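Given next are the chains, with one letter for each unit.
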Amino acid sequence: MQKYSIFNLVKNAFSNHENWDLAWKDPTPKEEYDVVIIGGGGHGLATAYYLAKEHNVTNVAIIEKGWIGGGNVGRNTTIIRSNYMHDENGLFSEFGMDLWRKMSQDLNYNVMFSPRGIINLAHSDAQMNAYARRGNSMRLNGIDAVLLNREQVKEIIPMADFSENVRFPIFGGLMQPSAGTARHDAVAWGYARQADSMGVDIIQNCEVIGFDVSAGKINGIRTSRGNIKAKKVGLCVAGSTNILAEKLNMTLPIETHLLQACVSEPVKPVLDNVVTFGAGHFYVSQSDKGEMVMGGDLDGYNSYAQRGNLPTLQHVLSEGIAMMPFLSKLKMLRTWGGIMDMSMDGSPIIDKTHIDGLYLNCGWCYGGFKATPASGWTFAHTIAQDRVHELNAGYSLNRFNTGHLIDEKGLGTKTWIS
Amino acid sequence: MLYINCPHCGMRSQNEFSYGGDASVIRPELNKEVSDQEWDNFVYNRKSLRGKHLELWQHISGCRQWIKVERDTATHEIFRTFKSDEEVA
Chain Z
1 MQKYSIFNLV KNAFSNHENW DLAWKDPTPK EEYDVVIIGG GGHGLATAYY LAKEHNVTNV
61 AIIEKGWIGG GNVGRNTTII RSNYMHDENG LFSEFGMDLW RKMSQDLNYN VMFSPRGIIN
121 LAHSDAQMNA YARRGNSMRL NGIDAVLLNR EQVKEIIPMA DFSENVRFPI FGGLMQPSAG
181 TARHDAVAWG YARQADSMGV DIIQNCEVIG FDVSAGKING IRTSRGNIKA KKVGLCVAGS
241 TNILAEKLNM TLPIETHLLQ ACVSEPVKPV LDNVVTFGAG HFYVSQSDKG EMVMGGDLDG
301 YNSYAQRGNL PTLQHVLSEG IAMMPFLSKL KMLRTWGGIM DMSMDGSPII DKTHIDGLYL
361 NCGWCYGGFK ATPASGWTFA HTIAQDRVHE LNAGYSLNRF NTGHLIDEKG LGTKTWIS
Chain L
1001 MLYINCPHCG MRSQNEFSYG GDASVIRPEL NKEVSDQEWD NFVYNRKSLR GKHLELWQHI
1061 SGCRQWIKVE RDTATHEIFR TFKSDEEVA
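Protein sequences appear in the order of chains Z and L. Take 1 as the starting number for the first sequence in the numbering used here and just add one per residue. Take 1001 as the starting number for the second sequence in the numbering used here and just add one per residue.
It should be emphasised that the hints constitute simulated quantities derived from the structure, not laboratory data. Owing to the predicted nature of the structure, the values given are computational and were not obtained by experimental measurement. None of the hints are false.
Heads up, simulated PhoX-like pairs for lysine-lysine below, C-alpha to C-alpha not over 25 Å straight-line:
| no. | chain 1 | residue 1 | chain 2 | residue 2 |
| --- | --- | --- | --- | --- |
| 1 | Z | K65 | L | K1047 |
| 2 | Z | K65 | L | K1052 |
| 3 | Z | K414 | L | K1068 |
| 4 | Z | K217 | L | K1047 |
| 5 | Z | K414 | L | K1083 |
| 6 | L | K1052 | Z | K414 |
| 7 | L | K1047 | Z | K352 |
| 8 | Z | K414 | L | K1047 |
| 9 | Z | K25 | Z | K65 |
| 10 | Z | K352 | Z | K217 |
| 11 | Z | K247 | L | K1052 |
| 12 | Z | K247 | L | K1047 |
| 13 | L | K1047 | Z | K409 |
Simulated DEER-style distance windows between Cβ atoms:
| no. | chain 1 | residue 1 | chain 2 | residue 2 | range |
| --- | --- | --- | --- | --- | --- |
| 14 | Z | L310 | L | D1036 | 40 to 48 Å |
| 15 | L | G1051 | Z | E31 | 27 to 35 Å |
| 16 | L | A1089 | Z | A130 | 43 to 51 Å |
| 17 | Z | H354 | L | G1051 | 22 to 30 Å |
| 18 | Z | D98 | L | A1089 | 50 to 58 Å |
| 19 | Z | S328 | L | S1035 | 48 to 56 Å |
| 20 | Z | R225 | L | G1051 | 23 to 31 Å |
| 21 | L | N1015 | Z | N8 | 51 to 59 Å |
| 22 | Z | S214 | L | M1001 | 47 to 55 Å |
| 23 | L | N1015 | Z | R225 | 43 to 51 Å |
| 24 | Z | S214 | L | G1051 | 26 to 34 Å |
| 25 | Z | I243 | L | D1036 | 23 to 31 Å |
| 26 | Z | I156 | L | V1034 | 51 to 59 Å |
| 27 | L | G1051 | Z | T402 | 31 to 39 Å |
Positions of the beta carbon are idealized from the N, C-alpha and C atoms, including for glycine.
So here's chain Z without its partners, still in its complex pose (with noise of 0.2 Å):
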């Protein structure tokens, strides 16, 4: 594989950069992989890079029915934390804030990481109280967290609005200072470009139609281009998790719904950081083009759609407006939609099935861009092992039934309600 570098970069230059070589590959199927790993999202790319680069599993197969990068990978707003209460959703999150930092290197491509920090604004003395205890957390956790108060908030972002008369004032804030940001195509591009060198299989436009089950075993995936045998299956199809689910006579504890997004025009650089709305769900960062990235609630109801509703999108923004009143000024330039396994306890699962040799990783709700590294690592241990490591051991399939759930907002089974 070539190694990018500047180098190569004013190498190329000499011949009008037409000598690259390809990122990836376009193979055929072959008959039979030890692992098959359907969905080339970013978290079934980064699955098939660890299995290769940890556990020397390098004849895998990533079965893809659209184009890889062109699902959720592509449709998030980017935002990298680990500011969780629960030791689970912590601890697993700060191992990936890990792999996040050694990134670019690590992939030999920029994913233009940019640890900005993130800070959830709070509108109560309640609230505060919340995200003290929060923060107290996850300083236990070894996460950075740092209380703001309204002044200190103040200073940070100072467009927002602090005038007396407001609906929802801003008391303080939690921050946490080594979040933030990161290219997202760049990550599905990085991990697909690397996983392909060290001979993964990127097998785009095939759909998976059905699975190869006899004795409690997985044997294989039937596909629109044919039969493939496999010793190990992996799923990373979030958003489609329920459809392959069925195909598998498995009901999971998950519904799919539909978000959205949007960005403004590009403007000039006015906020450093990422910032959330505490009385409602928004969220905004400003991309290295200028642009405002916004996003918020669910549109609420189970959808596959992957295109929203303007009464959603209304809702969120006036509660960015609120936060933020400059925001109104802004045009809209994009808005568009992604569809989410939401789980039933906002967590997601990583773990083995009753199937053996069949493997599940889906339910990752607002959060599964920050969560690639650490779902690909965590993924592929779980299968190449066939054993859950002790970072997911917390989000296993079967915490439904014993009651362990890992319900990080207290939201409960009504997963629409924000």
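Fit chain L to the supplied structure of chain Z, relying on the hints for placement.
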């Protein structure tokens, strides 16, 4: 914007409604022994169909009645609506 035909009030915008989830989920009978599996299926497990989906909505800014709506989860098209106690054929 979705438009939902409330069987009590007529055609109204989605802004008047709140969602209540899969209407095919039935609570296990009260007076009999309930297995863990039955309880899991009631509380957690969902088919989350792609295509025709029967679901509950409440006309929260209208008559406040719960209704059943048959809607396509891939296209958002609404086919039929029913009163909560109406049989869905």
